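Letter by letter, the chains look like this.
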Amino acid sequence: MSNAALMIGTISEIPAGNVHEAANSWLGIASYLIAAALFILSLKWLSHPRTARRGVRAGEIGMAVAIVGTLLIYQAVSYLWILVGVVVGSLIGAPMAVWMPMTAVPQRTALSHAFGALAAALVGTAHYFQLFGKESGIDHFTMAILALEVLLGCLTFTGSLVAFGKLQDLIPSSIKGLPHQNAINIGLLASAAGISVILTVSPGHAWLFLVLIVLGLAFGLCLVMPIGGADMPTVISLLNSYAGLSASLMGFVLNNYLLIIAGALDGSSGLILSIIMCRAMNRSFTNVLFGRMDASQTASADDVYGGKVKSASAEDVAMILDGVRRVVVVPGYGMAVSQAQHAVRDLFNMLEERGTEVEFAIHPVAGRMPGHMNVLLAEADIPYDKLKEMEEINPSFGQTDVAIVIGANDVVNPLANTDPKSPIAGMPILNVGEARTVVVVKRSLSPGFAGIPNPLFAAENTLMLFEDGKKAIVDVVAAMKEAA
Amino acid sequence: MDLGPKLFVFLLSTFLGLEVIRRVSPLLHTPLMSLTNAISAISIVAAIQVMAEGNTTFNTVLCTLGVVAATINIVGGFWITDRMLKMFRRETNNRE
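Top to bottom, those sequences are chains Y and A.
Residue numbering for the first sequence is 1 to 484, as defined by our numbering.
Residue numbering for the second sequence is 1001 to 1096, as defined by our numbering.
Derived by calculation from the structure, the hints in this document are not laboratory data.
Honestly, I wouldn't trust all of these hints.
[What the hints assert, rightly or not] Stretch by stretch, here's where chain Y covers chain A in the computed footprint (C-beta under 8 Å, at least three residues):
1) 1016 to 1027
2) 1030 to 1038
3) 1041 to 1052
4) 1064 to 1077
[As the list claims (entries may be wrong)] The calculated lysine to aspartate or glutamate pairs, modelled on EDC-like cross-linking and capped at a C-alpha distance of 16 Å, are:
5) K1086(A) / D381(Y)
6) K386(Y) / E1091(A)
7) K481(Y) / D316(Y)
[Said to hold, decoys possible] Simulated restraints on C-beta separations:
8) E1019(A) / R354(Y): 39 to 49 Å
9) K471(Y) / F1008(A): 50 to 60 Å
10) E1019(A) / V309(Y): 44 to 54 Å
11) E1091(A) / T51(Y): 16 to 26 Å
12) Q181(Y) / E1091(A): 42 to 52 Å
13) E1091(A) / K308(Y): 31 to 41 Å
14) E1091(A) / P101(Y): 22 to 32 Å
15) K176(Y) / R1089(A): 36 to 46 Å
16) F1015(A) / W99(Y): 35 to 45 Å
17) V197(Y) / E1091(A): 56 to 66 Å
18) R57(Y) / P1005(A): 24 to 34 Å
19) F1008(A) / D139(Y): 14 to 24 Å
Small disclaimer: the values here were computed from a predicted structure and weren't measured.
Just so it is clear, CB atoms sit at the ideal spot from N, CA and C, and this is done for glycine as well.
Chain Y extracted, bound-state conformation (with noise of 0.2 Å):
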């Protein structure tokens, strides 16, 4: 075997009069390596604001040069359904991404989760019956990869399809799953394992595949059924990752080299996002996907509350504000909900007029994927050297005047470093409640995603404002005017 037919090994196994010239070949494997150090550059280069839109250029002509040396290695192939494929995708993903407002990115990731892993299941059921209608019909190890990736495939496509469904509200987030969901998984998961080894073995049993298919759907509805809320940061990288492992693995069984490596690039990345995530939340991969909340050991609201809650109004709250040296703002997902963060940038132009340093306090898990309240608040004008992290800025809340908590609760909790037996405990917090005066924004005292009451609510410097973060924000910086 020639290093060209190593590096695209398909090309040896086609037949001869589909492969015009060994030139194509070599022009072939040019472009993918050119494709792939393009990929690896560009994910380098994506590591600092500064560089980072440098690195999409480099991902999308790397992408650009992988499509052409493609065609130009296979020429057989039909340019028509090719050149259709690609306008028809280009209409559905364009308005998809320009139209996109900034608050439902997570919703549209989730969604572009569901589409790569349905290119990745349907191109591995396309070889599958390829390989099945040959006389040599499909070797063991192929057929172990194969039902591997379209597995993955298809568990990542449902799976990614449930979490735009309750990101986007389309299924109450009350719907935690099936009495005995996890026995009903194991179950789905064994019999898929059980069918994959049959295929192995026997790889002539078409039916067994589509059998096969359908469970791997049926797993991915039944595994992010139940998870929800504050767990989908979690779930969405975890998808990512798998998403992209099913097209490393699509890879291995089309001897081609450069989705190996970018799929293995997309798979790096959701598992190190999955694992900070985790992380933040002092929660495990298991923890996440098949535990439950329990929230049942924990004090109840009216003893934590009881009497202790002081509430003040959007008046108050500037007068408060009113030549401060030092404020931070802890943003969650409310602020999100409720389109605060062009009012939260107007009271930080003129908190920062006044001379009032403020910084902004972004907790790993903070909003509904990783990074979402930094991309809120850069969409809202407001510097990214403002936004800190929570290592960053958990020692300065010490010489902070004011916390503004705007939509956020279990991230700013203390029950995680007071109360073990609490279902967030361990986990890192934002320690707001070393400010001299916290003002919690917030519509009432329902708890947070993990169903428990949080005591900094009940704090002898916290003071409650009542309300819509948005309109909140708004009468804040009115009653600032106003008093000025």
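Following the hints, position chain A against chain Y.
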């Protein structure tokens, strides 16, 4: 199937990915996810390859749908990543 070199490449790319992505600032985790998602739409290459290797209508239909799904991610993924990154700016000096 020739597994050795592929596992090698897979392993090295995974480690390379972990090293490179570990350095991405949490500030950019959302664009990171949409960018890697666009890159993994490289499965469009697989759809073209499998389409070329087969000759049944069934094969063409599945692969065309594969091209559609992958193109949605390529076009949408790169575009929205750029839209997000455009918004990130440093503090301007005139505010000092």
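Checked hints:
1. Coverage of a stretch by a chain is defined here by at least three residues with a beta carbon nearer than 8 Å to that chain's beta carbons; for the region 1016 to 1027 of chain A and chain Y the count is 11, and the condition holds.
2. Counting residues of the region 1030 to 1038 of chain A whose C-beta sits closer than 8 Å to any C-beta of chain Y gives 9, which meets the bar of three, so the coverage hint holds.
3. With 12 residues having a Cβ less than 8 Å from any Cβ of chain Y, the region 1041 to 1052 of chain A passes the three-residue criterion, so the hint holds.
4. Under the rule that three or more residues need a Cβ within less than 8 Å of chain Y, the assignment of the region 1064 to 1077 of chain A holds, with 14 such residues.
5. Distance hint between K1086(A) and D381(Y) is fulfilled; the C-alpha atoms sit about 11 Å from each other, no more than 16 Å.
6. For the given pair, K386(Y) sits about 8 Å from E1091(A) by alpha-carbon distance, which is consistent with the 16 Å threshold.
7. Our distance criterion of 16 Å between C-alpha atoms is met by K481(Y) and D316(Y), whose separation comes to about 13 Å.
8. Range check, E1019(A) to R354(Y): Cβ separation about 44 Å, and the 39 to 49 Å hint holds.
9. Between K471(Y) and F1008(A) the C-beta distance comes to about 58 Å, which sits within the given range of 50 to 60 Å.
10. A hinted range of 44 to 54 Å holds for the C-beta pair E1019(A) and V309(Y), which are about 48 Å apart.
11. Between E1091(A) and T51(Y) the Cβ separation comes to about 18 Å, which falls inside the hinted range of 16 to 26 Å.
12. Evaluation of the 42 to 52 Å hint for Q181(Y) and E1091(A) yields a pass: the beta carbon distance comes to about 48 Å.
13. Roughly 39 Å separates the CB atoms of E1091(A) and K308(Y), a value that falls within the hinted 31 to 41 Å.
14. Roughly 25 Å separates the CB atoms of E1091(A) and P101(Y), a value that falls within the hinted 22 to 32 Å.
15. A C-beta distance of roughly 42 Å is found between K176(Y) and R1089(A), which places it inside the suggested range of 36 to 46 Å.
16. For F1015(A) paired with W99(Y), a C-beta distance near 38 Å keeps the hint of 35 to 45 Å intact.
17. Between V197(Y) and E1091(A) the CB atoms are about 59 Å apart, so this pair conforms to the stated range of 56 to 66 Å.
18. For R57(Y) paired with P1005(A), a C-beta distance near 31 Å keeps the hint of 24 to 34 Å intact.
19. A C-beta distance of roughly 20 Å is found between F1008(A) and D139(Y), which places it inside the suggested range of 14 to 24 Å.
When each numbered hint is compared with the structure, no violation occurs for any of them.
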